[in-house]
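The listed protein sequences derive, respectively, from chains A and Z.
For the first sequence, this note's numbering puts the final residue at 699, and the numbers step up evenly by one.
For the second sequence, this note's numbering puts the final residue at 454, and the numbers step up evenly by one.
Calculated from the structure, these hints are not laboratory results.
All C-beta atoms, glycine included, are put in the ideal place defined by N, C-alpha and C.
It is possible that part of the hints are untrue.
[As the list claims (entries may be wrong)] Label-pair restraints from in silico Cβ distances:
| no. | chain 1 | residue 1 | chain 2 | residue 2 | range |
| --- | --- | --- | --- | --- | --- |
| 1 | Z | Leu232 | A | Leu381 | 31 to 37 Å |
| 2 | Z | Ser143 | A | Thr204 | 41 to 47 Å |
| 3 | Z | Asp262 | A | Asn664 | 31 to 37 Å |
[Stated by the list, open to error] Straight-line Cα separation of at most 30 Å, DSS-like style, residue types lysine-lysine; simulated pairs:
| no. | chain 1 | residue 1 | chain 2 | residue 2 |
| --- | --- | --- | --- | --- |
| 4 | A | Lys569 | A | Lys13 |
| 5 | A | Lys626 | Z | Lys395 |
| 6 | Z | Lys233 | A | Lys633 |
[To be verified] Computed footprint of chain A on chain Z; a stretch qualifies when at least three of its residues, placed anywhere within it, have a C-beta under 8 Å from a C-beta of chain A:
| no. | stretch |
| --- | --- |
| 7 | 130-142 |
| 8 | 373-387 |
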Amino acid sequence: MGNHRIKQHPILSVTRKKEIMFEFNSQTMLAYEGEMIASALIANGIYVFGHHHKDGSAQGIFCANGQCAKCTVIANGVPVKSCMTEVKAGMIVKSAEGLPEVPLETGPSKRAKIEEIHTEVLIIGGGPSGLSAAIELGKKGIDTLLVDDKHIMGGKLVLQTHKFFGSEQDSRAGTRGHDIAELLSLEVRAQESVQVWTNSTVLFVFSDKKVGVIKEGVYKLVVPKRILNAAGAREKFLRFRGNNLARIYGAGAFQTLVNRDLIRPTNRLFIIGGGNVGLIAAYHALQAGIEVVGLAEAMPQCGGYKVHADKIKRLGVPIYTSHSIKSANGDKVVESVTITEVDSKFQAIEGTEKSFACDTILVAVGLDSLSEFTLEAQAAGIPIYASGDALEIAEASSAMFNGKIAGHKIANDILHGESSEGNIPDEWFAKAQLLKSHPGQIKGYQDPHPGKDLFPVFHCLQEIPCNPCTTVCPTNSIHTEDGTLMGVPIYGGQCVGCFRCLLICPGLAVTLVDKRKDSENPTITIPYEIGSIPVAKGDTIQLMDIDANELGEYPVFRVVDFKDRRTQLVIVKVPAAIAMKVAGFRAQAKSVSQPLDKPIITPSLPDDAMICLCERVSVKEVRDLIKQGITDLNQIKAITRAGMGPCGAKTCDTLIRNLIREEGVPAEEVVANTRRPIFVEAALDIFPDGDSK
Amino acid sequence: MKKIYDVIVIGAGSIGLPSALFLAEAGQKVLVIDTEHAPGQQSNKKAIGGVRATHSDFGKIQLCQRSIELFKSWKEERGDDIGWLSNGYSYPAWEQKDKDFLLDLMKVQHSFGLNIRWVDGKEYEELVPGINTDGLLGSTYSPEDGSCSPLLFSSSVYFHALKAGVEFRFGETVTELTLQNDRIISCKTNKDQYTANIYVSAAGSYAREIGALVHSKIQVFPDNHEAGITEPVARFFGPMIVDMRSRPGSSNFYFYQNHEGQVVFCYTPEPAILGVENLSTSQFLTHCSKRLLEVYPRLKYLKVRRTWRGQYPMTPDGFPIIGYKDECSNLLHVVGMCGQGFMMGPATGEWVSRICTSTLSEKDHQILKSFDPYRDFSGVEAFK
Chain A
7 MGNHRIKQHP ILSVTRKKEI MFEFNSQTML AYEGEMIASA LIANGIYVFG HHHKDGSAQG
67 IFCANGQCAK CTVIANGVPV KSCMTEVKAG MIVKSAEGLP EVPLETGPSK RAKIEEIHTE
127 VLIIGGGPSG LSAAIELGKK GIDTLLVDDK HIMGGKLVLQ THKFFGSEQD SRAGTRGHDI
187 AELLSLEVRA QESVQVWTNS TVLFVFSDKK VGVIKEGVYK LVVPKRILNA AGAREKFLRF
247 RGNNLARIYG AGAFQTLVNR DLIRPTNRLF IIGGGNVGLI AAYHALQAGI EVVGLAEAMP
307 QCGGYKVHAD KIKRLGVPIY TSHSIKSANG DKVVESVTIT EVDSKFQAIE GTEKSFACDT
367 ILVAVGLDSL SEFTLEAQAA GIPIYASGDA LEIAEASSAM FNGKIAGHKI ANDILHGESS
427 EGNIPDEWFA KAQLLKSHPG QIKGYQDPHP GKDLFPVFHC LQEIPCNPCT TVCPTNSIHT
487 EDGTLMGVPI YGGQCVGCFR CLLICPGLAV TLVDKRKDSE NPTITIPYEI GSIPVAKGDT
547 IQLMDIDANE LGEYPVFRVV DFKDRRTQLV IVKVPAAIAM KVAGFRAQAK SVSQPLDKPI
607 ITPSLPDDAM ICLCERVSVK EVRDLIKQGI TDLNQIKAIT RAGMGPCGAK TCDTLIRNLI
667 REEGVPAEEV VANTRRPIFV EAALDIFPDG DSK
Chain Z
71 MKKIYDVIVI GAGSIGLPSA LFLAEAGQKV LVIDTEHAPG QQSNKKAIGG VRATHSDFGK
131 IQLCQRSIEL FKSWKEERGD DIGWLSNGYS YPAWEQKDKD FLLDLMKVQH SFGLNIRWVD
191 GKEYEELVPG INTDGLLGST YSPEDGSCSP LLFSSSVYFH ALKAGVEFRF GETVTELTLQ
251 NDRIISCKTN KDQYTANIYV SAAGSYAREI GALVHSKIQV FPDNHEAGIT EPVARFFGPM
311 IVDMRSRPGS SNFYFYQNHE GQVVFCYTPE PAILGVENLS TSQFLTHCSK RLLEVYPRLK
371 YLKVRRTWRG QYPMTPDGFP IIGYKDECSN LLHVVGMCGQ GFMMGPATGE WVSRICTSTL
431 SEKDHQILKS FDPYRDFSGV EAFK
């Protein structure tokens, strides 16, 4: 299985699982019991799972979430989504080449009666907001059913190996995402009135007020009095030449493979998008021992937190701002990426192309709220609430808090009636507002700095809703500038060198300067989490300032391992002149991010990128229709089939809307696609209502 | 300013679109008005695409035979692929009474020259490999019937109509048809006002409402049907399969594999659900899948992709209404297609054109008798 499995991880524990054998295209392969076919294939270095029936293009993992069908394989004769189907010992898996054949043999089938379950509240989604809402409802003893499509609760928290932003009190800042997931899940499990269905997918809120749910493969109808949509968001995609090659996918898929399945799906990754999702994905990749060749962001500045961006830049990942992807290059699978500088109108500037060898491109260009369950419930006349990303795209810290508010509100509506004012404290709403704040101003370093012999330096210069450093300090020596959650931290008081602020900071943006022994050559303590690139005493490391400027090479003086915090503290001795500047050190070799000697510019026709990957519809086909004045997405779909594929327009809808906007059509003239059941494709076999024969 | 046309067609659906095209190609200046924002957005796009001439009535048979000719030659004649497949229709029988009924009907169908025959269970299994043959008595098989994509066909007709000079007003609803004596002198919408010599009601489920604007009672009552579509797979069976048995909850159901390889399926709820209600219910999937898998167990391997709900604009006897009513001499009703508007559309469009240009043949008159608005509506279409 070579290099494709993560055997060691600085944060996640790697447990040995039972090995089983299966067959792929007549080749015997090893898998771990319980893992999905897709993960097993990637672990064996297989990236192409089949070829599209329309144009023969290579197909592989894309959403890793059962939403599309690009990972389809034939398992024991039946076409299945490999990201959602568990591999079994002795399973015969074949690549899906063109349209699959339907087996002739069917065998007997037994049908049970479809069960109907009544509940006061149905929560769709067990991520940070759904779990937080469930806890509130549980505390009030309200009969609640929480449904989540994954095996473990926590939503995307489960995939987050980094420490969280926010405040300790409201959103467990400084704790790692997957640890928060566990804490919240335990609290939910402890609520007697809350029932949890994991591995259960909601298909639709039907007009007869019943909600179709596949629970562990069995179809059930839930009849709720109220629904909370906490189903999260979906990732946006991008138009660029070659966007249909295999090995291009979103951060969700990437994090699922890497952090859930401990698979290394790539050796050389390039990331498009400098929001928090893209930046964190870069960090996760480094932790998983993946080379991150670079990250391109179309805006002049990354949209994500500056501390995240600074951190990965220091570690050796170049960030190309005002750059966009021009093309993914390769024969069926990604072999390289070409990026280009863009002007203020995001138009490519000729002659600025750079190409990098990479095997995978990760697209992290933002999220869209998952609104369908809300709309369906409204149409059906079921009282509906929303929280988390399904309500508004924000950080998980915000999702947890507004989930709590939603839970409280639902309980209040049930217990006291909709018209009652309720007893949600005003400050909750203020806090909710604060937690979802976008980054604010960028400030300078604290000047003058009151530090004398021993003091922390905060390389955290952008206002973000985060303050665990201030609450963790035992001498109360750290405050935010203006006392609010958003303010940048400043030091003032008595540092005792306890390292707590270094260990809790999610941005790894605190260093400790210690001049006590040698004021000319103080020691600097730097937090470090990239265990896949180990650092040991005596190693020479290139120190970096906050903007990833090199400060010179220095030997490592000492490394202290805080195993329970899964963080190392790397200590160096530097001249006093640069002591305050040292923010980190390069971990990834400079050679990793070298561009190719010559950019790869493939001659291309305008708009030959794909806009609907499922049905293979090009941008040109759709733009031609828009130019004819067609702005009804239903009509575009009827003519081109864009949106008619397995993902149900989840990927192309936004792309087509963007294209229409680009053609100068006002948003109000766009007629939305009619959304119909069902949320994800589901086998006909699960639906029959038993009792016939 | 009033805009003057030869013909105004109300409704850009299965009937309105081909009518407009053929009228324009016959030299008429045509305007089409539709409430929706694009062509074919109501019942048309909800049609599953089956096309057959094997009906029980002379008029409908003639109409659909002509439609099939048009569909079949469309790509060659007009250059657009509409996904036509001559995959045939089949009505399998599991009960003797159904077999007897179908065989009786076949005599009538043969007398009209239709290509339909009875196949035994074994031959039927070759057409539909893996079909449940338990108690199967055989099936009808009419290989010249077929299917095509309502979406592709309507888009193609729309673009040809534009080319032929048809004007379209989308997002407009007809609110008033101003009568002077027995003639409409102007047509008002929520946005504008238009005038034409002849008005055509191709309003589908809203035929009754359009008729009421000129005080004509049009007996069209839509009822709801639900349909679904699977992922595409390699072609594995031939004809449309219509299971005409009635079961608690549904009077019949049918399915076929379309040109993309997707299986499209549909049922008729029983008792009928009247009105226009496009939201899906939870019953459809659980009920229809049960019937589907019982008849054709191999379908269990397919994934459902999408389901939807649409209407059959029904008339009391199951036949369309095509013609003028006394209250208004220039409103031509072409309505009440009873769920077969798509398959009857192309030929009906030609008829509409001939009616409006007064070029009907003797045979046309004879055919149109079946659809006379003043028939007594007491008959029942034997083979819906």
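Cross-check of the supplied hints:
Checked against the hint of 31 to 37 Å, the C-beta distance between Leu232/Z and Leu381/A comes to roughly 33 Å, which is consistent with it. At roughly 56 Å, the beta-carbon separation of Ser143/Z and Thr204/A lies outside the given 41 to 47 Å, and the hint is violated. Distance hint check for Asp262/Z and Asn664/A: the Cβ-Cβ separation is about 32 Å, which falls inside the suggested range of 31 to 37 Å. Note on Lys569/A and Lys13/A: the hinted pairing holds, with a Cα-Cα distance of about 18 Å set against a maximum of 30 Å.
Taken as a hint, the Lys626/A and Lys395/Z pair is broken in the structure, with Cα atoms around 48 Å apart against an allowance of 30 Å. A distance of roughly 16 Å separates the Cα atoms of Lys233/Z and Lys633/A; the hinted pair therefore holds under the 30 Å criterion. Remark: the stretch 130-142 of chain Z is not confirmed as covered by chain A, as 0 of its residues place a Cβ nearer than 8 Å to a Cβ of that chain, below the required three. Against chain A, the stretch 373-387 of chain Z contributes 6 residues with a C-beta closer than 8 Å to a partner C-beta. That satisfies the three-residue criterion, and the hint holds.
Going through the hint list in order, the structure does not satisfy hints 2, 5, 7.
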